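Colleague: If you read the protein sequences in the order shown, they are chains W and H. With this note's numbering, the residue at position 46 of the first sequence is 46, and numbering never jumps. With this note's numbering, the residue at position 11 of the second sequence is 11, and numbering never jumps.
Quick caveat, the hints were computed from the structure, so don't treat them as lab data. These numbers come from a predicted model, not from an experiment. Cβ coordinates follow ideal geometry from the N, Cα and C atoms, glycine included. Certain hints may be false.
[Unchecked claim] In silico DSBU-like pairs for lysine-lysine, Cα to Cα no more than 30 Å straight-line: (1) H/Lys226 to W/Lys325; (2) W/Lys130 to W/Lys249; (3) W/Lys325 to H/Lys101; (4) W/Lys130 to H/Lys61; (5) W/Lys181 to H/Lys61; (6) H/Lys61 to W/Lys97; (7) W/Lys97 to W/Lys40; (8) W/Lys309 to H/Lys69; (9) H/Lys101 to W/Lys181; (10) H/Lys101 to W/Lys185; (11) W/Lys286 to H/Lys101; (12) W/Lys129 to W/Lys221; (13) W/Lys221 to W/Lys181; (14) W/Lys40 to H/Lys226; (15) H/Lys69 to W/Lys181; (16) H/Lys69 to W/Lys129; (17) H/Lys101 to W/Lys139; (18) H/Lys69 to W/Lys185; (19) W/Lys129 to W/Lys232; (20) W/Lys181 to W/Lys139; (21) W/Lys249 to W/Lys232.
[As the list claims (entries may be wrong)] The calculated label-pair distances, taken between Cβ atoms and stated as ranges, are: (22) W/Asn62 to H/Ser33: 42 to 48 Å; (23) H/Gly100 to W/Lys185: 35 to 41 Å; (24) H/Ala24 to W/Lys325: 24 to 30 Å; (25) W/Ser263 to H/Pro132: 46 to 52 Å; (26) W/Tyr110 to H/Gln57: 38 to 44 Å; (27) W/Ala255 to H/Leu37: 46 to 52 Å; (28) W/Asp70 to H/Leu23: 39 to 45 Å.
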Amino acid sequence: MRRISLSFLPLLVLAAGIVVGARAATASTTLSLVAYSTPKDAYGKIIPAFQATTAGKNVSFNQSYGASGDQARAVAAGLSADIVALSLEPDVSTLVKKGIVPSNWNQNRYHGMVTDSVVVFVVRDGNPKKIHTWADLAKSGVQVITPNPFTSGGARWNVMAAYGAQRAQGKSDSQAIAYLKRLFKNVSVLPKSAREATQVFASGKGDVLLTYENEAIYANKKGVHTEYVLPKQTILIENPVALTKSGLKHPEAKAFLKFLWSSKAQKLFGDSGYRPVLKSVASSSKYRYKQPKSLFTINSKALGLRGWKSVQYRFFDHSSGIMVKVIGH
Amino acid sequence: MATSAAVSVSRAGAVLGRAGGGLARGIAIGYLSLIVLVPLSALVWSSRSEGMDTFWQEVTKPQALSALKLTLGVSFLVAAFNALTGTAIAWVLVRDSFPGKGFFNSVIDLPFALPTIVAGLVLLELYGPNSPFGVDVAFQRAGIVLALLFVTLPFVVRAVQPVLLELDREMEEAAESLGARRLAVFRRIVFPNLLPAVLSGVALAFARAVGEFGSVVLISGNIPFKTEVSSVYIAGQIESDNPTGAAAVSVVLLLISLAVLLAIGAFRHWRTRHDR
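Here chain H stands alone, though its shape is the one from the complex:
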């Protein structure tokens, strides 16, 4: 029994590249469809269930547009800021050594583990009207940015870290021995190698920021035309018995995130054209 199972496993492994590849591909695509593509198609479908006119009308309502502008604005800001801080944190974690480094390395992922509503509550207590540090950014746009910075922190760090670890330090040493300054080494050797990873981290952070709800809903204040982000606007449409409007705005958010992810994917493809 055991032997035959082992044989069949190794046989399966041997054919994985050929016929088994078809099976693996089928499972992967089937799974992806079930978990991602079917729900998203259903969303697109329900957003158009009352016709394109209604879709357009819902998306261009002044309050929806204002929430969308705010969402995109803060998301771009947060993604850009993450590009800098995320890369810097990854750099320190890979290239420096200091006591407690392992601890800090583990802490990076905590924003993923913490329920976002709890994050919002903690941020409100620390950076709200009763802030022990005297910093009050709650119920204004700065509060939204702060909450988004918190939940998107891991993306760029975790994208850049492995690339930095793999980066051949001999290249940098060679450049330095040839007289390149440290800044030039960074600009011409390190940065070009890190850029694709930074960009994919930035794209993920952007997509996450666009859809974020839990951490933002408490600290933003939700005032229409001022501090209401799209996810909160969508929640309001659902409660007001307007699922079509909620779906329509969601589809716009999805399309924007998809465009950003595709653009960055295309850029990476173009960058690595010589490697293929």
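Next up, chain W with everything else stripped away, as it sits in the complex:
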């Protein structure tokens, strides 16, 4: 009798485990976060902070990180997602077109943008080539590294920063395009993504790396010893976040999205090198960054920038885009 009861013991434990597990499962919600790779460190801290709030109790997360365009295509093809955090608006537009994200996703105080950054120049220690302005990048003998805007959606920020900076200095549209041609003559490597561009620069190639401020800060943290120059004119990078239609069904997902704009979460974004979008956090001394003389956005109509949709078509269309000619010489 005793032997029998003992042999049943593991089964009993297993059964109890299943019951407890099932209870826990019914009481909790699992949300899917699909994001681009750069904010992974930040979300690694933001998610536990959210779980520590009353709204976030018993909420667990499935997280997926990858290149922004790849992530958008995966969600468009059926990867389950409640929250999408991508590097630029056109990737959200892909999901709006597919009916996965509602078209009013950016109707909030922050226009759907959760983090900001700017395009900067990363230079070698001591800035030996004395690179301070956009004109310096196009000088002969300067090697520029920038990710390929055709394989990296995020790299398109760099191109539009270069173009807009010319317009902000009073140059005409055709002069700005001529500048892009001169600039890309100095580009000796076009890595696939911003992270690979950082690796290429770290490997010793190039005099200046055109990248995002948060990537420059990340590189410094990871021991790529460099300094970065904030040009007088640059573009404001804005990274969107949105709920999908399935996410909108979960009050927890809505609460998480709201939490992303809380001062707690915005500080954590700030710690990983982004510029917080929340004014009260951005103005605190710890997260106060130098402001360029002229900071424009992708919607600065006076500079000929009429939003991503027009820019994507005019500059990055795979056959007729300006950049096809600029990069191909």
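Use these hints to put chain H onto chain W, whose structure you have.
Modeller: Relative to the frame of chain W, chain H by itself:
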């Protein structure tokens, strides 16, 4: 229970050559279709979804053509180089004995196991601008060749090795005892026996090189018309919302690899015609 299962298994084994052969063939072909043929057909289908004109237009874009030429050029070079080095490595591993041979034999397959993006990163650090050996081939065509040599190393070695092991050494000894020089023995006895295996290894290495992405993307520099290979060009087309263009160039790569594999298959068939 157990006995009847064993009986049915042995019965199944007995009929495998006849009725069971049909089943086995069905499973094999069904599996092959599911894993290979259906996805490839879908690719061909999507490459033509906007008509043959668009297909042709996509394939003949100057940038696509230039990437294709570069891809084929480096792949041929790498495959040819592999024919020499792969055979030499297989020879040393089979015919020589030296301390650490077992270790080297295991190392051969590592390029298969290493994620190719890691391979690219390591090659960049070792043979890039900060090379500890002072060898900088990064961001030029030589860098692409180096990365491809790394990832294709195992093919020829592993194709030639078993044939070399099976090769009857009495043939060589007989030839030598009849006064043949070592070079003649190699040329007239060893080489003809190895050739089919070398060629199939070369074909696999070529096909792999044509489609390789991960190890090349970092070290090549990706400058259009200079160092951009087709796989990187294809990635750019996908990111630029042009899946048709990506599929069209992929189909061309596939057709070329298929032609090479078929040609080598046909050659082997012709070579072994007397054995059948």
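Colleague: Given the hint that W/Lys130 pairs with W/Lys249, does the C-alpha gap stay at or below 30 Å?
Modeller: Violated: W/Lys130 and W/Lys249 sit about 54 Å apart, past 30 Å.
Colleague: Between W/Tyr110 and H/Gln57, does the C-beta distance stay in 38 to 44 Å?
Modeller: Holds - the Cβ-Cβ distance for W/Tyr110 and H/Gln57, about 42 Å, lies within 38 to 44 Å.
Colleague: Within 30 Å, alpha carbon to alpha carbon, are W/Lys130 and H/Lys61?
Modeller: Distance ~39 Å between W/Lys130 and H/Lys61 Cα, so the pair is violated.
Colleague: Could one say that the CB atoms of W/Asp70 and H/Leu23 fall in the range 39 to 45 Å?
Modeller: holds, 40 Å
Colleague: Mind checking the alpha carbons of W/Lys181 and H/Lys61 for me, to see if they're no more than 30 Å apart?
Modeller: holds, 20 Å
Colleague: Regarding the pair W/Lys129 and W/Lys221, is the alpha-carbon distance no greater than 30 Å?
Modeller: holds, 23 Å
Colleague: Do the alpha carbons of W/Lys40 and H/Lys226 lie within 30 Å of each other, as the hint requires?
Modeller: Violated: W/Lys40 and H/Lys226 sit about 34 Å apart, past 30 Å.
Colleague: Holds or violated: W/Lys249 with W/Lys232, Cα cutoff 30 Å?
Modeller: violated, 45 Å
Colleague: For the pair supplied as a hint, W/Lys181 and W/Lys139, confirm whether the alpha-carbon distance does not exceed 30 Å.
Modeller: Answer holds: W/Lys181 to W/Lys139 is near 12 Å, not above 30 Å.
Colleague: Has the hinted range 24 to 30 Å been met by the Cβ atoms of H/Ala24 and W/Lys325?
Modeller: This hint is violated: roughly 56 Å between Cβ atoms.
Colleague: Against the 30 Å threshold, does the CA-CA distance of H/Lys101 and W/Lys181 hold or violate the hint?
Modeller: Given pair H/Lys101, W/Lys181 is violated - Cα atoms ~55 Å apart, limit 30 Å.
Colleague: Check whether the Cα positions of W/Lys286 and H/Lys101 lie no farther apart than 30 Å.
Modeller: Violated, at roughly 59 Å.
In this structure, the earlier hints numbered 2, 3, 4, 8, 9, 10, 11, 13, 14, 16, 17, 21, 22, 23 and 24 are contradicted, and the remaining ones agree with it.
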